[in-house]
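Engineer: What follows is the residue order along each chain.
Protein chains: 2
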Amino acid sequence: MSKLLEDIVGELSRLPGIGRRTALRLSMHILRMEAGSVERMAEAIARFRTEIRYCTRCNNLSDTDICPICRDGERDRTIVCVVEQVGDVLSIENTRQYKGLYHVLGGVISPMQGIGPSDLKIDLLLDNIARGEIKEVILALSTTVEGETTLFYISRRLAQHPDLKVTSIARGIGFGDEIEYADELTIAHAIHNRIPL
Amino acid sequence: MSKLLEDIVGELSRLPGIGRRTALRLSMHILRMEAGSVERMAEAIARFRTEIRYCTRCNNLSDTDICPICRDGERDRTIVCVVEQVGDVLSIENTRQYKGLYHVLGGVISPMQGIGPSDLKIDLLLDNIARGEIKEVILALSTTVEGETTLFYISRRLAQHPDLKVTSIARGIGFGDEIEYADELTIAHAIHNRIPL
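Sequence lines, in order, name chains A and B.
Here the first sequence is numbered in the working numbering, starting from -14 and rising by one per residue.
Here the second sequence is numbered in the working numbering, starting from -14 and rising by one per residue.
Same shape as in the complex, but just chain A (with noise of 0.2 angstroms):
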C-alpha cells in the first residue's frame, strides 16, 4: 500500500467515529478535492490546534484573550448563562434569542471520570460575579446525573450571593418530541411545572 495513502488513512482512523473505511473514503474525497482546498483545510486544522485560546474571562474558545461575546457592548452584562461546552454556546446562540454573556465550565463533575469541581471554571465564575455587574446566573446544563450534580454544586455555591437571581433552564417535553416515547421523569416534571396558557 501507498505510504501516502497508508499516512492519510491512520491519521484520519484516529479521529473519533471514523474508522479505517472511513477515513479511505474520506481520502478518495480529499483526492478529488481541489489542491488549494485541501491545503487550506490542513492549514485550517494545525492553526487551530496552534493558535487557538480560552477566553480569560468566560472560558470559551477564542482567538483573541478576550472572546468577541465578552467584547461585544451590545450584549446584556448583567446576566450569565453556564454551559458545559463551546458546543453548547454555539447551539444556544444559534437560536438568536440570547443576548447576555456565557460562561463555559469546560465538562461537568463526574466522579467516575474522575472530573471534580477543581478541574471546571467554577471559580472563575465566581471571581466574575464577585465585581458585582452580574444580576442572573442560567445555569443551562445537561439532564444526566452528571449535570445535575454540577447544578447542585454550582446553586450550592451561589447561595452566598444572596441578591443573585439563580435560574435553570426549563425541562418539559421538546418540541417534535411525542410523548409517549419520554421518561417518566421528564413527564412528571413537564406536569409539575406546566405553565398556563
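Derived by calculation from the structure, the hints in this document are not laboratory data.
In this text the structure is predicted, and so the values were computed from the model without any measurement.
Mixed in with the good hints there might be a few duds.
Copies of the same chain look alike in the list, so a pair counts if it works inside one copy or between any two.
Straight line, CA to CA, 25 angstroms or less: simulated DMTMM-like cross-link-like pairs of lysine to aspartate or glutamate [stated by the list, open to error]:
(1) LYS150 - ASP(-8)
(2) LYS(-12) - GLU24
(3) LYS84 - GLU(-9)
(4) LYS106 - ASP57
(5) LYS(-12) - ASP48
(6) LYS150 - GLU131
(7) LYS106 - GLU36
(8) LYS(-12) - GLU36
(9) LYS84 - ASP(-8)
(10) LYS(-12) - GLU28
(11) LYS(-12) - ASP50
(12) LYS(-12) - ASP61
(13) LYS106 - GLU131
(14) LYS(-12) - ASP73
(15) LYS(-12) - GLU19
With the hints as your guide, set chain B onto chain A.
Structural biologist: Same frame as chain A, but now just chain B:
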C-alpha cells in the same frame, strides 16, 4: 464565534458525511490531541493530495511511477484482478489470499452519471495484456447494474484474445448472511452455481 474554530469546522464539514455538528466534535478532539500529532495529521492530508500519483501500469494509487505491487517480483505476473477502485485492492489484499497483480479501472460504466468506457482505464488493461505475459483476467466488479455492464463490456473487449482465461469472482450468499434476507437474483444464482461438497 472564533474565526479559527469557524475555519476548522467549515473545512471539516466539506467532507462527505460530516456535518457541522460532527465537525465541531472532531475539532474538540483535535484540540485535546498533542500538537505534534495534529501537525502530522495536517501534513498527511496536504502531502497526500500533492504527492500521490497513479501507477502507470495498474492505475492504483502509488508514491512512485510504478506501484509496489507491480514492482514486486514475488507476485504472479500472469494473473490480473480487475477492480473498480483503490479500496477494492485494499479489501482483496487484506484477505492475503491473492498473489497476482491488479488493475484499477477508476469506476464503472454509468450512462446515468455520464461515465463511458473511455473514462475508465480499459485501454491500459488491453495494452498490458497485449504484452503477452498475462494468462488470466479476474473481473472483481460490483453486482450492480453498472458493474454488470462494465463486466460485459470488458469481457467483450477481451474476446480478441482467445487464449486468455477470463473469470469473474464467485457470486453467492456471503458468509454470515441469511438466505431469508438475500435477494432472489442472488439466491437463484447461488443455487444454479451450487458447488459439490
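Engineer: Hints first: check each against the structure and report whether it holds.
Structural biologist: Results of checking the hints against the structure:
Taking the shortest alpha-carbon separations for LYS150 and ASP(-8), neither the intra-copy value of 54 angstroms nor the inter-copy value of 37 angstroms comes in at or below 25 angstroms. Both within a single protomer and between protomers do LYS(-12) and GLU24 lie at most 25 angstroms apart by alpha-carbon distance, with minima of 19 angstroms and 17 angstroms respectively. Within a single copy, LYS84 and GLU(-9) get their C-alpha atoms only as close as 47 angstroms, which misses the 25 angstroms cut-off; across copies the closest is 20 angstroms, which meets it. In this assembly of identical chains, the alpha carbons of LYS106 and ASP57 lie at most 25 angstroms apart only when taken from the same copy (21 angstroms versus 58 angstroms across copies).
Taking the shortest Cα distances, LYS(-12) and ASP48 sit within 25 angstroms of each other only across copies (7 angstroms), while inside one copy they are farther apart (35 angstroms). For a Cα distance limit of 25 angstroms, the shortest separation of LYS150 from GLU131 inside one copy, 23 angstroms, qualifies, whereas the shortest one across copies, 66 angstroms, does not. Proximity of LYS106 to GLU36 under the C-alpha cut-off of 25 angstroms is restricted to the intra-copy arrangement: shortest distance 21 angstroms within a copy versus 45 angstroms between copies. Taking the shortest alpha-carbon separations for LYS(-12) and GLU36, only the inter-copy value of 11 angstroms comes in at or below 25 angstroms, while the best intra-copy value is 29 angstroms.
In this homomeric assembly, LYS84 and ASP(-8) come within 25 angstroms of each other (Cα to Cα) only across copies, at 24 angstroms, whereas the closest approach inside a single copy is 45 angstroms. For the identical chains of this complex, LYS(-12) and GLU28 are neighbours both inside a copy (21 angstroms) and across copies (13 angstroms), given an alpha-carbon limit of 25 angstroms. For a Cα distance limit of 25 angstroms, the shortest separation of LYS(-12) from ASP50 across copies, 14 angstroms, qualifies, whereas the shortest one inside one copy, 41 angstroms, does not. Proximity of LYS(-12) to ASP61 under the C-alpha cut-off of 25 angstroms is restricted to the inter-copy arrangement: shortest distance 23 angstroms between copies versus 54 angstroms within a copy.
Taking CA atoms no more than 25 angstroms apart as the test, LYS106 paired with GLU131 passes inside one copy only; the shortest distance there is 16 angstroms, against 57 angstroms between copies. In this assembly of identical chains, LYS(-12) and ASP73 lie within 25 angstroms of each other by CA distance solely across copies; the values are 17 angstroms between and 39 angstroms within a copy. Proximity of LYS(-12) and GLU19 under a CA criterion of 25 angstroms is satisfied in both settings, with 21 angstroms inside one chain copy and 22 angstroms between copies.
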